[in-house]
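Peer 1: Each chain, letter by letter, is given below.
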Amino acid sequence: MNASTAPPGLWADACAVAALLAVDPRGLQGVVVRARPGPVRECWLELLDEAFGPSLPRRRVPAGVTQDRLLGGLDLPATLVAGRPVLQRGLLNEAHGGLLLLAMAERASRSAIAQVCAALDFGEVILERDGLTDRHPARSTVIALDEGLDNDERVAPALAERLAFLVDLDALSVRDLDALGPDPAAIEAARCRLPAVTCAADQLELLCAMAIRLGIDSLRMPGFALCTARAAAALAGRLEVADADLGLALRLVFGPRASVLEAPAPEQAPPPQPEAEADAPAEGECETQQPLEDRVLEAIEAALPAGLLDALREGSLKARSRRSGGRGEGGQASMVRGRPAGVRTGRPERGARLDLVSTLRAAAPWQPLRRPAGSQRVYVQPEDCRIMRFRQRSPTTSIFVVDASGSAALHRLAEAKGAVEMLLAECYVRRDQVALIAFRGRGAELLLPPTRSLVRARRCLSALPGGGGTPLASGLDAARELALALARRGGRPLLVVLTDGKPNVARDGGPGRERAAADALASARTLRAAGFDGLLVDTAPRPQAFSIELATAMGVTALPLPTSGAVGLSRVVGALAG
Amino acid sequence: MSVAFPFTAIVGQDEMKLALLAAAVDPGIGGVMVFGDRGTGKSTAVRALAALLPPMKVVEGCRYGCDPAANEDLCTECRSKLQDGLRLRARQVTVPVVDLPLGATEDRVVGALDLERALAHGEKAYEPGLLARANRGFLYIDEVNLLEDHLVDLLLDVAASGENVVEREGLSVRHPARFVLVGSGNPEEGELRPQLLDRFGLSVEVRTPEELGTRVEVIRRRDAFERDPSAFVKRWQADEAHQRQRILAARRRLARLEPDDDILELAARLCMALGTDGLRGELTLIRAARALACLEGARRIKAEHLRRMAPAALRHRLRRNPLDESGSSVRVERALTELFGS
Chain H
5 MNASTAPPGL WADACAVAAL LAVDPRGLQG VVVRARPGPV RECWLELLDE
55 AFGPSLPRRR VPAGVTQDRL LGGLDLPATL VAGRPVLQRG LLNEAHGGLL
105 LLAMAERASR SAIAQVCAAL DFGEVILERD GLTDRHPARS TVIALDEGLD
155 NDERVAPALA ERLAFLVDLD ALSVRDLDAL GPDPAAIEAA RCRLPAVTCA
205 ADQLELLCAM AIRLGIDSLR MPGFALCTAR AAAALAGRLE VADADLGLAL
255 RLVFGPRASV LEAPAPEQAP PPQPEAEADA PAEGECETQQ PLEDRVLEAI
305 EAALPAGLLD ALREGSLKAR SRRSGGRGEG GQASMVRGRP AGVRTGRPER
355 GARLDLVSTL RAAAPWQPLR RPAGSQRVYV QPEDCRIMRF RQRSPTTSIF
405 VVDASGSAAL HRLAEAKGAV EMLLAECYVR RDQVALIAFR GRGAELLLPP
455 TRSLVRARRC LSALPGGGGT PLASGLDAAR ELALALARRG GRPLLVVLTD
505 GKPNVARDGG PGRERAAADA LASARTLRAA GFDGLLVDTA PRPQAFSIEL
555 ATAMGVTALP LPTSGAVGLS RVVGALAG
Chain X
41 MSVAFPFTAI VGQDEMKLAL LAAAVDPGIG GVMVFGDRGT GKSTAVRALA
91 ALLPPMKVVE GCRYGCDPAA NEDLCTECRS KLQDGLRLRA RQVTVPVVDL
141 PLGATEDRVV GALDLERALA HGEKAYEPGL LARANRGFLY IDEVNLLEDH
191 LVDLLLDVAA SGENVVEREG LSVRHPARFV LVGSGNPEEG ELRPQLLDRF
241 GLSVEVRTPE ELGTRVEVIR RRDAFERDPS AFVKRWQADE AHQRQRILAA
291 RRRLARLEPD DDILELAARL CMALGTDGLR GELTLIRAAR ALACLEGARR
341 IKAEHLRRMA PAALRHRLRR NPLDESGSSV RVERALTELF GS
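Protein sequences, first through last, are from chains H and X. Start counting the first sequence at 5; every next residue gets the next number (the working numbering). Start counting the second sequence at 41; every next residue gets the next number (the working numbering).
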């Protein structure tokens, strides 16, 4: 990594974030730090510690933290000794008034994120578990350490949204670290000054207007910007928010979150260089627009990484924030072995996890009977054991293999599409994934990799062109490959083949009905060998004998479309997937 | 707990506020689901409602908060007291708004064996859970769509029957648990199962206000509140008291207000036009319109009341067509325009 790649001022901004957080931890709530572990991050964290002072609690939350450690819960050893429930404090409560560091925050489970968010919202932990009810104060500054490598791995939006800042240290190397640490005395003075700092009404209005201009919907952001501006003013020894404070606030809070930048004025060159960007709009528009707003926008543009601006203008970055859902179900299921689904009687054998509290609860009524006089022990017998139950749903993926050849198109491609759409809707309701493979002309193509996005699937389907030969064998082969890949990942593939059963292109792309039919049957037999569930839908106007032969070779049911209709078809697939 | 943001000080979000008020007037409406973007004040509104609600009377010493004036829906203890000819003594409390925190365990929700008494004395005693505490009040679940499935099933069952039946660890207890279920969630985090969605009487969607002035006002009030909560609450005291009176007055009117035949017919026509499943939609629509009429002090339920509550009462009951890109709100709006004219 070159030192020259880092935009100037990045480290200074990071230092400013640390100082501002220390001045108004309550209003600013925290920061997401995008950086790989290394000296730069360590250096920044040290700086933060310095800014906050040594006496505050500092807790580190590991990625796989359990709920009872985070929230607190029953302290089992102490409970057994005391004979009454003893509460153990959780990390959220322990970090009260100090720093809460979330290590590998991008890997944190949804429930952990939700709990941290709840603590941020209410400033306390409300405990309702293990037969205990309690509230603890939990107002800490959250430092979410995001070590994700690409945009797919990011801190959950719900958390990022509750923290004022987003700092990216990845572009920095040790050589860039020049700025000095914060001055604890100045921070202390700023803290005292903060309650008296005022912000003019038009300045607040400007913050809100800028948020709209930059496509920032959430109303939390203008609030954070306001707090930042105020903290910055306090830090600079002012009692009124100045333009410079506003600029800093917008750069730090809005800069990394901007999703739209207003279309450039027509006289400007369409693709301006990011470097030139900083000056150009200021000079060109200075006279026509309010100067304050301009200066502020300029400050933001300077903070945006190179290349981002162009992407913003095209609006392509909107997609980045849309990433949601998806990763929860599939990705994390293996880690926790599915969702907890209650507790049942059983032995903690073969990897089953004992639920201690439930076990004790089951044993409790028997204690007077089991306990010899004078004994203090708790007697637990095997039949008291309760184990946790997890429900792991192996995700079903319906792979639609659609014949888009000329013959099929002629007959009823539109109807087949309609049937697939209905099936898609069914899959959506069952939360299944769908994939779409189409074959026409010389080969097969994976049009839609496994997805839950119905809109994508539909778009893909309606754009599906028809025409050309019928390379049935290639279609089946592609389906088998995909199905195998899914099965390896623990999923359950379900094949739905829609064809009119008239193959005329062989596997190698050559013509000839007979060779094509033989290849198709051979491919079908490999599918049967792999043991996939499925369904073959004959879309020909009259049921084809070959379709039945093919279905037998595949080991699946053949269903003629004319008699079944779209509704009947979806019912059959539903029964198969259920 | 820190002071709650005053309900009346919430800027905009009228549909959400109206739905919550309607549920406060008539708990029979059956709960409110609030869907919306982040940072739109969903949780703020629900918690604010708790502070707004007028106090209620409960039986002194009753763990389930039974109503001293009621003859039904009493817990076994209160009922046996009545049978013994004892009078139930009343006590005034604030209406419970119970938070179901994420990560709550099943035993805390339904109640469980009292561990302390069991371990120390070997007694089999039932310790009521959150459902008992929420009786006759509100049960609020933030991020409903993140709630674990087995808890959702459990809540559905109790919400439908109004009674919590506990059969675990050798305990066999049943107690009344009638509460207004209020859920909030962000559709981006995952969808809600249709079965659960249908149990909510009203479903509202909140959006970030687009207009600059509104946004500035939101930030301004929020900021004033953060800086000095008690002063801010004091400033809104009069408005809060007024709103509370409105709720009380509306509750008094509720029993007397019967829907006319033409209103019933209109509701039925609307539901038929939309093809909603079952009769729950019509019932909820009528009840919601009545609650609104009562809130506004109207003498009878008018078509206008129906129209204003229809989106909230019906939008989540439409037969789902995931391929139809126009949202359900749009479909309700369309049907309304057809029936009522623009």
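Certain hints may be false.
In silico EDC-like links for lysine to aspartate or glutamate, alpha-carbon gap of 20 Å or less [to be verified]:
{"no.": "1", "chain 1": "X", "residue 1": "LYS342", "chain 2": "X", "residue 2": "GLU298"}
{"no.": "2", "chain 1": "X", "residue 1": "LYS164", "chain 2": "H", "residue 2": "GLU387"}
{"no.": "3", "chain 1": "X", "residue 1": "LYS57", "chain 2": "X", "residue 2": "ASP302"}
{"no.": "4", "chain 1": "X", "residue 1": "LYS164", "chain 2": "H", "residue 2": "GLU449"}
{"no.": "5", "chain 1": "X", "residue 1": "LYS342", "chain 2": "X", "residue 2": "GLU280"}
{"no.": "6", "chain 1": "H", "residue 1": "LYS421", "chain 2": "H", "residue 2": "GLU387"}
If you are wondering where the hints come from, they were derived from the structure by calculation, not from laboratory data. Predicted, not measured: the structure shown is a model, and the values here were computed from it.
Peer 1: If a hint holds in the structure, say so; if it does not, say that too.
Peer 2: Do the hints match the structure? See the list:
1. Between LYS342 of chain X and GLU298 of chain X the CA atoms are separated by roughly 11 Å; this keeps the pair inside 20 Å, and the hint holds.
2. The suggested pairing of LYS164 of chain X with GLU387 of chain H holds, with an alpha-carbon distance near 18 Å, which does not exceed 20 Å.
3. Note on LYS57 of chain X and ASP302 of chain X: the hinted pairing is violated, with a Cα-Cα distance of about 28 Å set against a maximum of 20 Å.
4. For the proposed pair LYS164 of chain X and GLU449 of chain H, the alpha carbon gap of about 65 Å is over 20 Å, so the pair is violated.
5. In summary, the hint linking LYS342 of chain X to GLU280 of chain X is not supported, as the alpha carbons are separated by about 27 Å, beyond the 20 Å threshold.
6. A distance of roughly 56 Å separates the Cα atoms of LYS421 of chain H and GLU387 of chain H; the hinted pair therefore is violated under the 20 Å criterion.
Checked against the numbered hints given earlier, the structure breaks hints 3, 4, 5, 6 and satisfies all the rest.
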